[in-house]
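Undergrad: Below are the chains, spelled out letter by letter.
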Amino acid sequence: MKSKLLNEMRLTIPSKSVNESYARYAVSAFVGQLDPSVGDLGDIRTAVSEAVTNCVVHAYRDTEGKIYICAKYYDDGKVVISIRDKGCGIADVKKAMEPLYTTDTSGERGGMGFAIMESFTDKLRVRSAAGFGTSVVMTKRIKK
Amino acid sequence: MISVQAEKEKEILTLSIYGEIDHHSAKEIRCETDRQILSMRPKKVRMDLSGVSFMDSSGLGLIMGRYALTSDIGSELTVLNPTDAVARIILMAGLDKIVPMERSK
Ligand SMILES: Nc1ncnc2c1ncn2[C@@H]1O[C@H](COP(=O)(O)OP(=O)(O)OP(=O)(O)O)[C@@H](O)[C@H]1O
Ligand SMILES: [Mg+2]
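If you're matching them up, the sequences are chains B and Z in order. Residues 1 to 144 in the working numbering are what the first sequence lists, from first letter to last. Residues 1 to 105 in the working numbering are what the second sequence lists, from first letter to last.
Some clues are possibly wrong.
To be verified - Just so you have them, the derived chain B footprint on chain Z, three or more residues with Cβ under 8 Å:
id: 1; region: 9 to 20
id: 2; region: 40 to 50
id: 3; region: 59 to 73
As the list claims (entries may be wrong) - Short derived list, chain Z residues pointing at chain B, Cβ under 8 Å:
id: 4; residue: Phe54
id: 5; residue: Asp56
id: 6; residue: Ala85
Derived by calculation from the structure, the hints in this document are not laboratory data. We put the CB at the ideal spot given by N, CA and C, even for glycine.
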């Protein structure tokens, strides 16, 4: 049986670091319509924060670009969140997703973002093309 | 909003962080913690995270960076009283094996 789309939201924001908290609260306010547990909502907030921060820190690095956020929920409690950028892209996605892998050289990042997104959601799909951008799609089932 | 409170007792510097730790707030926190650590150069630094209501991987990076700094000056770093959500992320990354977690009170 196919699940039915109940609601969706879209948000386009510039890659300013001040928007990291705005993005995670906007998505969690939307998902809040499903009356999720505090734990599930916290997981979504953290996963969104990881994906959006990667757009700010890696995709657009020293430049500024747009971050495209879309969230949808379905009648079976499924939530799908997509976060896209048109930044530098990732040459080797599989490698980038390995825990502790980071291209950061400041010593202030541990390469745990994708591992956190993976563990805080039910499904994570990352697609990227070097020079064109990256798309991160996360699916989480909200328990009724 | 984020704030850092410093408390000095003998050779121990306790830095209590209040608010949400993400990439945006980490910069300001780093500035304040490092200023305190470098001016006091204590034997031990405790990062009290009991007042942290949100933390993502940028918080892990913040702890790692302070670990590097305290190691450089021969000081010891611990994390104090993280909430369950914050502890979960620290444990997931295995950061507690490098920077021990402590509970007080
Ligand atoms: N949107 C993106 N655009 C370009 N590169 C990205 C993007 N997201 C991730 N990356 C690349 O993948 C690597 C791994 O990302 P991940 O979030 O797991 O770790 P990190 O951001 O380096 O560190 P942390 O998330 O722990 O602070 C990054 O270092 C970066 O090279
Ligand atoms: Mg990251």
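Undergrad: Indicate, hint by hint, whether the structure satisfies it.
TA: So, going through the hints one by one against the coordinates:
{"no.": "1", "hint": "9 to 20", "in the structure": "violated (count 1)"}
{"no.": "2", "hint": "40 to 50", "in the structure": "violated (count 0)"}
{"no.": "3", "hint": "59 to 73", "in the structure": "holds (count 6)"}
{"no.": "4", "hint": "Phe54", "in the structure": "7 Å, holds"}
{"no.": "5", "hint": "Asp56", "in the structure": "4 Å, holds"}
{"no.": "6", "hint": "Ala85", "in the structure": "6 Å, holds"}
When the structure is compared with the earlier hints, violations turn up for hints 1, 2 and for no others.
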